[in-house]
Amino acid sequence: MRRRSSLPVTFLVPTLAILLVLSMVPTLYAIVIALQNRELSTTGYSWVWFSNFADLFTDRRFLNAVWVSVKWEIVTVVATMVVAIGLGVLMFEAAGPRMRNFYCLLFIIPVLLPRVSAAFVWKFAYHPLYGIATYPYRLVTGGLIFDPLSKPATALFAVATVDVWQWGLFFAVIVLKLLETLPPQPIEAARLDHARRWQIHAYVTLPMLKAPLVSLMFVKMIESLRSFDLIYVMTRGGPGVATETLDMYAFSQGFIESGKVSYASAMAVLMMIATVITFTMLWKRVQA
Amino acid sequence: MNSNRLAASLGAAFVLTASVSTAALAQAPVCSAPVKVLAQPRDGLTLLEDSKDEFKKLSGASFQIDYLNENDRRAKSRADASTVGNYNVYYVDEANVALFASSGWIVPLTDYYPADYDYADFDPGRQKVATYDGKVWFAPLTGGGDLMVYRKDVLEAAGIQPPKTLDELIADVPKLTNADKGMYGIALRGARGSGANVWRWMPFFKAYGGKWFDGDKPAFNSDAAVKATETYLKLFKDSAPGTQTGSWDESTGAFLSGQVAILVESTPLSGMAVDPKTSQVVGKVGFLPPPSPLPGGGYGHGLAIGTKANADDAAKKCAGLFIAWATSKESEKRRLGAHQFGELNRTSILTSKEFADIYGADLGKALADTGKVTAVNFWQDPRWPDLGDRWGIILEELVTGTRTDIKGGLNELEAYANELVKKK
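Chains as they are written, first to last, in the working numbering: chain H, 1 to 288; chain X, 289 to 712.
Hints listed in this document are in silico derivations from the structure and should not be mistaken for laboratory results. Errors might be hidden in some of the hints.
Claimed, not checked - Straight-line distance between alpha carbons at most 16 angstroms, and here's what the computed EDC-like set of lysine to aspartate or glutamate pairs gives:
1. Lys711(X) with Glu39(H)
2. Lys621(X) with Glu642(X)
3. Lys364(X) with Asp229(H)
Note that this is a predicted model, so its numbers are computed, not measured.
Taking the hints into account, I'd like the entire structure generated from these sequences.
This is the structure we're talking about:
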């Protein structure tokens, strides 16, 4: 008979207790506040229960923010994965060991930049008159002006480009390293069967990397939910409300415009519930 | 006899000890910890940081200024003052002084502003903006009204006289735009915010006879607001690139780099326009009051004493001393010496010979003339930032074409205003 050790309990209980306090206290507090009508400018408050939640569904800016958040999530996650896989495979196929190391170093730099710094750098790059990113357009059109951050049709994509620039390149390095860890035999077997390069990756290497790639996608999905700083610096949710995501709108309601912290908390609680449900469903679907 | 001598000696010792203590107390430093300030970038404050040692000598402690741009500063100071109260001194402005004062986030300034620093010397207009509910809440760092700043060379080349009326301005602006040569008729503010796009829109609203409230009843949803918005959007067609989602920095930056023919903006622009360090159009610029009937947007920014971070009277006195020193005549003289036009607020400095020598008679006259048409255009109420920011979002949507229904936007704002009134 094996003696039960108290070691796991000794290590796990304090850690879990701290984690529980750190995660549950703010969460419960946010839920409590969401059921009240607290505002920054007044100390008094009362319980309004689900009134804040009901108001959200008739608030056009909230509904717009939900739609913008969904678009942002899809655009950034899909584009990041496409760029990561594309560049990773390209480096694997076309670059020798030295060049691979060089590219890896180069591609890691953007993600090392603080988010706010990256946002400022790109904000200047997008300047319609002086920006380096808009320079080719001015050159081709003979000086016509293009201001991607002030056009509702392009603003979201312009900001998403910065997100993909940071994360897509970083993920490309991870994809390359994953490809390098694969056993060579299946790839050689495919080559002997005269499979083309793209077929080798489409039918052999990438299916073998399904699990880590799905994990990467989930990491990016969570990261994309937290793009507040990027959007805040580059557009503040504008032009109009074209890039106003849920977190941006919640912050705006809580701290910029009206100081409605309860209303903002209601949004945060809804976001949390929606995120948990969506991610659980997706995770189960992927596991199945 | 001995006992008398002893009593006399003790008495003398007591008097001596008391006088030494009093002297020590008189020289005791006013501040026991560095003063923490939350502000937005200002040349005057940057210059002030060069004199940290002077303040340390005066008060016994140094100071630390955290800078955030205008909109971020407003959001952060509101969040900080209403919750943790990390800052001893807040940079406040005309748009949020009512909110800060009525919420108890700042304390009346003159209770802690040393008399030697002569608060009455500040420009009376700025004192008025710093006053809410009969009490003074901040010491001005900047302020004034609007001026029309225009490119003499560009207007002359186009054969156009500087517009004296709003109708002339509307007619002239498209004629002055020559996008192929990088010249735009005007620069406006498109970025959301009661102190951003709404600030520049309000003179049009007032010029067409608009008013915000009639008692407790919103009165802004009117023909005046529709006409003002239509005019604003029409002028925006000739506004410099980057201003559609930009504010003061973008519009003045476009003018100072030579891309704009006419700009109606807050008075500090005029000082920047004649300064070779900031302007590429020095010597080509003229100044006039805003075209009639546009009123100038009276404003003032300054430093106020935070309530939470200054828990006791000693801390408040320290913050008061910092504000007094930062806005003193000596500090303003240094700013004048550094040609920081927009940072001058004291009558004694604005009317000094040194000022006239540096900036000339034209600008002085334009400033005097614009003073006559400067007005408070916003709703002077703690709920103004809330209402103004809401209109700012709708206006930004209209400017960038995300929405096109002006009346629908005003209806939405009116519904929101009614909610605000109900909550009072």
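Verification of the hints:
Using a Cα cut-off of 16 angstroms, the hinted pair Lys711(X) and Glu39(H) holds, with the two alpha carbons roughly 11 angstroms apart. Annotation: proposed proximity of Lys621(X) to Glu642(X) holds, straight-line Cα distance about 9 angstroms (limit 16 angstroms). Simply put, Lys364(X) and Asp229(H) have alpha-carbon atoms about 14 angstroms apart, close enough for the 16 angstroms limit, and the pair holds.
The earlier numbered hints are all upheld by this structure, with none contradicted.
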